[in-house]
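Protein sequences appear in the order of chains X and S.
According to my numbering, the first sequence is numbered sequentially starting from 1.
According to my numbering, the second sequence is numbered sequentially starting from 1.
What the hints contain is simulated information worked out from the structure, not anything from laboratory work.
All figures in this text were calculated on a predicted structure; none of them were measured in a lab.
Note that CB positions come from ideal geometry on N, CA and C, so glycine has one too.
Be aware that one or more of the hints could be misleading.
[As the list claims (entries may be wrong)] Computed cross-link-like contacts, SDA-like style, restricted to lysine to any residue with a CA-CA straight-line distance of at most 20 angstroms:
(1) K42/S / A2/X
(2) K42/S / Q37/X
(3) K42/S / T38/X
(4) K42/S / V114/X
(5) K59/S / G32/S
(6) K63/S / A53/S
(7) K13/X / G41/S
(8) K57/S / Y105/X
(9) K57/X / N97/S
(10) K42/S / R9/X
(11) K59/S / N22/S
(12) K42/S / P108/X
(13) K42/S / G42/X
(14) K59/S / E103/X
(15) K68/S / Y51/S
(16) K42/S / G40/X
(17) K57/X / F100/S
(18) K57/X / G95/S
(19) K42/S / R111/X
[What the hints assert, rightly or not] Derived list of chain S stretches under chain X, where covered just means 3 residues or more per stretch with a C-beta under 8 angstroms from a C-beta of chain X:
(20) 32-38
(21) 41-48
The primary structure of each chain is shown beneath.
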Amino acid sequence: KAGVTQTPRYLIKTRGQQVTLSCSPISGHRSVSWYQQTPGQGLQFLFEYFSETQRNKGNFPGRFSGRQFSNSRSEMNVSTLELGDSALYLCASSLGWTSGNYEQYFGPGTRLTVT
Amino acid sequence: EDQVTQSPEALRLQEGESSSLNCSYTVSGLRGLFWYRQDPGKGPEFLFTLYSAGEEKEKERLKATLTKKESFLHITAPKPEDSATYLCAVQAGTGANNLFFGTGTRLTVIP
Numbered sequence: 001k002a003g004v005t006q007t008p009r010y011l012i013k014t015r016g017q018q019v020t021l022s023c024s025p026i027s028g029h030r031s032v033s034w035y036q037q038t039p040g041q042g043l044q045f046l047f048e049y050f051s052e053t054q055r056n057k058g059n060f061p062g063r064f065s066g067r068q069f070s071n072s073r074s075e076m077n078v079s080t081l082e083l084g085d086s087a088l089y090l091c092a093s094s095l096g097w098t099s100g101n102y103e104q105y106f107g108p109g110t111r112l113t114v115t
Numbered sequence: 001e002d003q004v005t006q007s008p009e010a011l012r013l014q015e016g017e018s019s020s021l022n023c024s025y026t027v028s029g030l031r032g033l034f035w036y037r038q039d040p041g042k043g044p045e046f047l048f049t050l051y052s053a054g055e056e057k058e059k060e061r062l063k064a065t066l067t068k069k070e071s072f073l074h075i076t077a078p079k080p081e082d083s084a085t086y087l088c089a090v091q092a093g094t095g096a097n098n099l100f101f102g103t104g105t106r107l108t109v110i111p
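Looking at chain X on its own, in the form it has when it is part of the complex:
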């Protein structure tokens, strides 16, 4: 079974620009979560989608948004980029909490550098 895929793998943007990251979950997984990982803060939860609905949101500004499509693929958008947004953005997929199985499987990540 194919794992979680994320595109692009690397991205360099300048301050003020916007960026869209994509995530394809494991086949059959309906829940997709996004995380930001930095050396200083570790893994920080951004948001979670299940069946095209945002179920939970972390403590990030409104510049961070996302969506999920009917095939469970998800996109994350960051507008008006700031230097502090430089990080590894991770997507994780799972069956969803309704299944009682909370195991999350991560993709390889997108390394975003803001200059």
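Using the hints, position chain S against chain X.
Coordinates of chain S only, in the frame set by chain X:
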């Protein structure tokens, strides 16, 4: 407040020198404890899920155990390829917003 603490922050071992990593947690309503391995610049790789105190899981040189307050990841006769950061995460309720990660233990195995 739900919290997950991993120790030590970093660990250097000689090849073949067994040791343990610790993950202590204070959460209400544990629904699962997860161990991940993460290589630099890559996403975390799922290793184990533990659900209840007394449970143990093994995979090659790794063995994870769980008590009511903490989990241990035992590494037996490690090899250089075991070098990575090991993350512990605790599911305290439904939803990814109730999944709490530790800051990880960076393991280096010296040949």
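Consistency of the hints with the structure:
Pair hint K42/S plus A2/X holds up; C-alpha atoms about 17 angstroms apart against a cutoff of 20 angstroms. Distance hint between K42/S and Q37/X is fulfilled; the C-alpha atoms sit about 11 angstroms from each other, no more than 20 angstroms. For the proposed pair K42/S and T38/X, the alpha carbon gap of about 12 angstroms is at most 20 angstroms, so the pair holds. At most 20 angstroms may separate the alpha-carbon atoms for a hinted pair to count; K42/S and V114/X meet this at roughly 19 angstroms.
A threshold of 20 angstroms between alpha carbons decides the hint, and for K59/S with G32/S the separation of about 18 angstroms falls inside it, so the pair holds. For the hint linking K63/S to A53/S, the alpha-carbon distance of about 14 angstroms falls within 20 angstroms, and the restraint holds. For the proposed pair K13/X and G41/S, the alpha carbon gap of about 18 angstroms is at most 20 angstroms, so the pair holds. A C-alpha spacing of about 18 angstroms is found between K57/S and Y105/X, which places the hinted pair at or below 20 angstroms, so the restraint holds.
At most 20 angstroms may separate the alpha-carbon atoms for a hinted pair to count; K57/X and N97/S meet this at roughly 7 angstroms. Restraint check: the Cα-Cα separation between K42/S and R9/X comes to about 10 angstroms, which is no more than 20 angstroms; the hinted pair holds. In summary, the hint linking K59/S to N22/S is supported, as the alpha carbons are separated by about 17 angstroms, within the 20 angstroms threshold. In summary, the hint linking K42/S to P108/X is supported, as the alpha carbons are separated by about 5 angstroms, within the 20 angstroms threshold.
Note on K42/S and G42/X: the hinted pairing holds, with a Cα-Cα distance of about 14 angstroms set against a maximum of 20 angstroms. This hinted pair checks out: K59/S and E103/X have alpha carbons roughly 17 angstroms apart, not beyond 20 angstroms. A threshold of 20 angstroms between alpha carbons decides the hint, and for K68/S with Y51/S the separation of about 10 angstroms falls inside it, so the pair holds. Annotation: proposed proximity of K42/S to G40/X holds, straight-line Cα distance about 17 angstroms (limit 20 angstroms).
About 14 angstroms separates the Cα atoms of K57/X and F100/S, which keeps this hinted pair within 20 angstroms; it holds. With a C-alpha separation of about 10 angstroms, the suggested pairing of K57/X with G95/S holds against the 20 angstroms cut-off. For a cut-off of 20 angstroms, the pair hint linking K42/S to R111/X stands: about 9 angstroms separates their Cα positions. Taking a C-beta to C-beta cut-off of 8 angstroms, the stretch 32-38 of chain S contributes 3 residues in contact with chain X, enough for the three needed, and the coverage statement holds.
Residues of the stretch 41-48 of chain S lying with their CB closer than 8 angstroms to a CB of chain X number 6, which satisfies the three-residue condition for coverage.
When each numbered hint is compared with the structure, no violation occurs for any of them.
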